[in-house]
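Enquirer: Sequence:
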Amino acid sequence: MSLENFSSQTVERHNKPEVEASTSREVLLNPLIISRSANERVLIESSINSVRMSIKIKQADEIEQILCHKFTRFMMVRAESFIILRRKPIQGYDISFLITNFHTESMLKHKLVDFIIQFMEDVDKEISEMKLSLNARARIVAESYLSAFGS
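Numbering that gives the first Met the number 0 puts the first residue of the sequence shown at 0, with every later residue one more than the last.
Any given hint could turn out to be false.
[To be verified] Below, a list of computed lysine-lysine pairs in the DSS-like style, where the Cα atoms sit at most 27 Å apart:
hint	residue 1	residue 2
1	124	69
2	57	87
3	57	69
4	110	15
5	108	15
6	124	110
7	108	87
8	15	69
9	130	57
10	124	87
11	130	69
12	110	87
FYI, nobody ran anything at the bench for these hints, they're computed from the structure.
Could you put the whole structure together from the sequences, leaning on the hints where they help?
Expert: Okay, structure coming up:
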């Protein structure tokens, strides 16, 4: 991650992430997609002064889709606490991060990468745990409901 300060070529005294603004094609690099499957992939878009990482979280069934949507909404509402988390993901992805040159100047680069990797692992783990908890609660409710008819 080699990001540097880069002023806007169209507006004086502005410094916006070129990945977001897309004002100059010459400062954008080719996007990279890393994919395990069609349902689980990462899009990395980089430019001279910013990197945007968009993550599509594995969702095997409808329950996981709902849990993933609720969990990512919960995180994005609190985006200012995470600093690099975007409030709105890129179309077709569940969650996005934006790292600018200011972030790499004030934070350790390897810690940023470690945070994103740990975040991805934790999201998968949290969604799996929520699904197990939901299934256990549904089983208990069904058993108590059906026990009223069995007696």
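Enquirer: Would the hint linking residue 110 and residue 87 be met if the CA-CA limit is 27 Å?
Expert: holds, 23 Å
Enquirer: Would you check the hint for residue 57 and residue 87, treating anything up to 27 Å between C-alpha atoms as holding?
Expert: holds, 18 Å
Enquirer: Assess, step by step, whether the Cα of residue 124 is no farther than 27 Å from the Cα of residue 69, and give holds or violated.
Expert: Distance of about 15 Å is within 27 Å: holds.
Enquirer: Is residue 124 within 27 Å of residue 110, Cα to Cα?
Expert: Given pair residue 124, residue 110 holds - Cα atoms ~21 Å apart, limit 27 Å.
Enquirer: Between residue 15 and residue 69, does the CA-CA distance stay at or below 27 Å?
Expert: violated, 30 Å
Enquirer: Hinted pair, alpha-carbon criterion (27 Å max): residue 110, residue 15. Please report holds or violated.
Expert: It holds: about 23 Å lies between the C-alpha atoms, which stays within 27 Å.
Enquirer: Regarding the pair residue 108 and residue 15, is the alpha-carbon distance no greater than 27 Å?
Expert: Within the cut-off at roughly 20 Å; holds.
Enquirer: Taking 27 Å as the top limit, are the C-alpha atoms of residue 57 and residue 69 close enough?
Expert: At roughly 14 Å apart (the allowed maximum being 27 Å), residue 69 and residue 57 satisfy the hint.
Enquirer: Is the Cα-Cα distance between residue 124 and residue 87 27 Å or less?
Expert: Cα-Cα ~22 Å, so holds.
Enquirer: Residue 108 and residue 87 were given as a pair; does the straight-line alpha-carbon distance stay at or below 27 Å?
Expert: holds, 23 Å
Enquirer: Residue 130 and residue 57: Cα distance at most 27 Å?
Expert: holds, 13 Å
Enquirer: Keeping to a limit of 27 Å between CA atoms, is the pair of residue 130 and residue 69 held or broken?
Expert: Measuring from Cα to Cα gives roughly 12 Å; hence the hint holds.
When the structure is compared with the earlier hints, a violation turns up for hint 8 alone.
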